[in-house]
Amino acid sequence: MTELQNPAQRLWQDQPVEGVKMSLEEVRRRAGKFERRIWRRNAREYVASLIAAGLFVYFMMSAHDWLSRVTFALFMVAMLWIVAALHRNGSAKKLPEGVDTLTGLRLYRAELERQYGVVKSMWWWYLAPMVPGFIVYTIGHAVKVPHPAAWAGLAVMDIVVAGLFYVVWRMNMRAARCLQRMIDELNVPE
Amino acid sequence: MSAALEQDGLYEEAGQAFGQALERLAHAYEADADLRRDLLQEIHVALWRSFASFDGRCSLRTWVYRVAHNVGASHVLRQRRTRGHELVGLEELEDLPDAADSQHEVDRSHALGRLLALIQRLKPLDRHVILSYLEGLDAAAIGEITGLTAGNVATKIHRIKNMLARQFHEGGTES
Chain X
5 MTELQNPAQR LWQDQPVEGV KMSLEEVRRR AGKFERRIWR RNAREYVASL
55 IAAGLFVYFM MSAHDWLSRV TFALFMVAML WIVAALHRNG SAKKLPEGVD
105 TLTGLRLYRA ELERQYGVVK SMWWWYLAPM VPGFIVYTIG HAVKVPHPAA
155 WAGLAVMDIV VAGLFYVVWR MNMRAARCLQ RMIDELNVPE
Chain R
6 MSAALEQDGL YEEAGQAFGQ ALERLAHAYE ADADLRRDLL QEIHVALWRS
56 FASFDGRCSL RTWVYRVAHN VGASHVLRQR RTRGHELVGL EELEDLPDAA
106 DSQHEVDRSH ALGRLLALIQ RLKPLDRHVI LSYLEGLDAA AIGEITGLTA
156 GNVATKIHRI KNMLARQFHE GGTES
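These protein sequences, in sequence, are chains X and R.
Convert by adding 4 to the 1-based position in the first sequence; the result is the number in our numbering.
Convert by adding 5 to the 1-based position in the second sequence; the result is the number in our numbering.
Hint data in this document are derived by calculation from the structure and do not stem from the laboratory.
In this text, all values refer to a predicted model and were calculated from it rather than measured experimentally.
Be a bit skeptical, because a hint or two may be false.
[Stated by the list, open to error] From the derived model, a few chain X residues whose C-beta atoms are all more than 12 Å from chain R:
no.	residue
1	Met-26
2	Ala-35
3	Ala-47
4	Ser-53
5	Leu-71
6	Leu-90
7	Leu-106
8	Leu-109
9	Leu-116
[Unchecked claim] Covered stretches of chain X, going by a simulated chain R footprint (3 or more residues, C-beta under 8 Å):
no.	segment
10	27 to 34
11	155 to 164
Here a beta-carbon is modelled for each residue, glycine too, at the ideal position from N, C-alpha and C.
My request is simple: use the sequences and hints to build the entire structure.
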């Protein structure tokens, strides 16, 4: 430590502190709690995926016509694709501890850029895989029930799905803009 | 000594030596008292975990400040998504108007509040430098913690001194 030259340093160091102390037991408990939370979150995602995959398999097996089977098979493949992409891209990378600030910020920026790429390309890995299933479902039902009222119902369903896709896409583009702002703001020297 | 015992020992040593500095640091990263308590606990947990990989290639002080600042920076950037106030660099703070003469009269807590408000507006890297400076660390130690070159640290400290002198009417802008 250098000798204090600036009154602001004195002001800073003389500020009242609560003298918070954390016992080793408390630190270990909190670290364990954090790890359990991560484990539970991952377990929840995998269990939900397994249940959904099981349901699609059940619907596929119990369907009476080949078009319904193809539809459910396409949805199942799309879901597996999305889960794999989430597993590959979704979770934030853990940054190494104890690195200097500049290195830490560069790694942080690289992580933000990676997340930006994931969000920006979400159409291709999140929404597009569902499209074939909806197309086959629409065509299949339009052929199976050749009635204007049924077609109108299908059209309404497709419009609602397209609207949902648009909302999800807009939300992700907003998240991408937010990430881009954060990357710009970081302004880490090369 | 086993690795776990060594990790515990290092954590306790760090807590003893830098506990108060860590509290001040948390204050500079979070204004809200409840969130600050959470942040401080997060820093302590990160510190304890980090000692599992501490290899002694830098001093304990450098390691503690690096880990704590990195947790603080992540916290600020995380909060940035929800709060949305813009962070600035030292250069922008230098352009702030001088504090009014009446500021001579302000009490210490008001002055500390103003100092904190200035710090909390800074971008992570500049915030690390000013906090290290306020903690009384020399330029070499600040360089080791931040990874900035000696020249960069000197420039930033010069700016910090100018800014503090103008905002708090303290003499001396020599680096």
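### Query
Taking each numbered hint in turn, which are not upheld by the structure, reported in ascending numerical order?
Failing hints, ascending: 1, 2, 7, 8, 9, 11.
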